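Asker: Here's the letter readout for the chains.
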Amino acid sequence: MEKTISAKENFLKGLVRENPVLVLLLGCCPTLGVTSSATNAIGMGLATLFVLVMSNFVISLVKNVIPDKVRIPSFIVIIAAFVTVVQLLMEAYTPALFEQLGLFIPLIVVNCIVLGRAEAFASRYSVGASVVDGVGMGLGFTLALLLLGSAREVLGSLSWFGLKFSESDGMLVFVLAPGAFITLGFIIAIMNGLKKNKV
Amino acid sequence: MEYVILLISTVLINNIVLAKFLGICPFLGVSKSSSTALGMGVAVIFVMTISTVFTWLVYTYLLLPLDLAYLQTVTYILVIAFLVQVVEIVMKKVSPELYQALGVYLPLITTNCTILGVAILVVQNDFNLLKSVVFAVGNSVGFTLAIVIFSSLREQMDMAEGMPAWMKGTPAALITAGILAMAFMGFAGLV
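Chain order of the listed sequences is A and B.
Residue numbering for the first sequence is 1 to 199, as defined by our numbering.
Residue numbering for the second sequence is 1 to 191, as defined by our numbering.
If you are wondering where the hints come from, they were derived from the structure by calculation, not from laboratory data.
Small disclaimer: the values here were computed from a predicted structure and weren't measured.
Certain hints may be false.
Claimed, not checked - Derived SDA-like pairs (lysine to any residue); straight-line CA-CA distance at most 20 Å:
#1 Lys196(A) to Gly162(B)
#2 Lys69(A) to Gly162(B)
#3 Lys168(B) to Lys69(A)
#4 Lys32(B) to Lys69(A)
#5 Lys195(A) to Lys32(B)
#6 Lys195(A) to Lys168(B)
#7 Lys196(A) to Val87(B)
#8 Lys69(A) to Val87(B)
Model the full assembly from the supplied sequences, consistent with the hints where possible.
Answerer: Here is the structure:
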């Protein structure tokens, strides 16, 4: 049984209303782990976007062939295949970024966003809608990472995308581990505050 | 001595949750009460130790000789999913009490990135089997330590009054985790 949803609404929901990181709190490990600079954040976001779109596409294609009982393992194997593709491509073409992101590239396999979308969306909707959902969710994830990465890089090392705009030292804590938790906490708090005022 | 240092550094200094950012999902999701946090932690110790041994064996005696190292990610996730199933079935038969206590956490562990993360780190660092086991035990104990401390803090925080509405819940939890991570940075000079 396939459900339907309008393309525009489908695309936009991933960006704001159902933003995977800021609203649904999925995929927090890479969100916190790789956002010490804006460049890393974009790299991770795009890698996840690719896996998300491709796995949504393939899973939606084969959803009627897979028996219900072995659904989750099959999804994971499909996702793992695309993660391996990304891993090999990045190692070949962007070795510096690959080195920086390190462990978090293979860990896209267990990123709850990817499996979550496969289970909640791609296994129920048409191929087209699933691809749009993948793009929307992937961009939402990338945006959230970029926001967090920019905030941490600007506060922590007084630079943005590697361009320094001040010679003095930033607040180092924002580049280190505690800063990741604290920055994300404040971003979500601000989002909550804005939502309350609107209603 | 080398093993003791490895153990201390994985539990306290490079804590898997607070310094390496692995396993954040269960860390935030299953930390509302300290008893469930402890259950999750014990289940992670159990599965991580077993899965690290198996993935190490699979990598060294299967993937490397066959020149299939690029299939690492796919193989590992399958091995882990398979092991979690086996552990669940065996535990149900052998020790129903243990299954009662840990059963609900086991399926969640397949997608816990600490398990896959540690299995990959072991290969990246070229550890031998014994060192891998120590590494896995250290990391999973570190996970348990972090999640139990964090859940106790959250239990206390729930009783606090006067917190602004927009800070309640996740934001407050994340900032608490940040302060906890700062506290753990104090261990840096230990070894």
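Asker: Hints first: check each against the structure and report whether it holds.
Answerer: These are the hints, each one checked on the structure:
| no. | hint | in the structure |
| --- | --- | --- |
| 1 | Lys196(A) to Gly162(B) | 17 Å, holds |
| 2 | Lys69(A) to Gly162(B) | 48 Å, violated |
| 3 | Lys168(B) to Lys69(A) | 39 Å, violated |
| 4 | Lys32(B) to Lys69(A) | 31 Å, violated |
| 5 | Lys195(A) to Lys32(B) | 24 Å, violated |
| 6 | Lys195(A) to Lys168(B) | 14 Å, holds |
| 7 | Lys196(A) to Val87(B) | 46 Å, violated |
| 8 | Lys69(A) to Val87(B) | 19 Å, holds |
Going down the numbered hints, you'll see the structure goes against 2, 3, 4, 5, 7, while the others check out.
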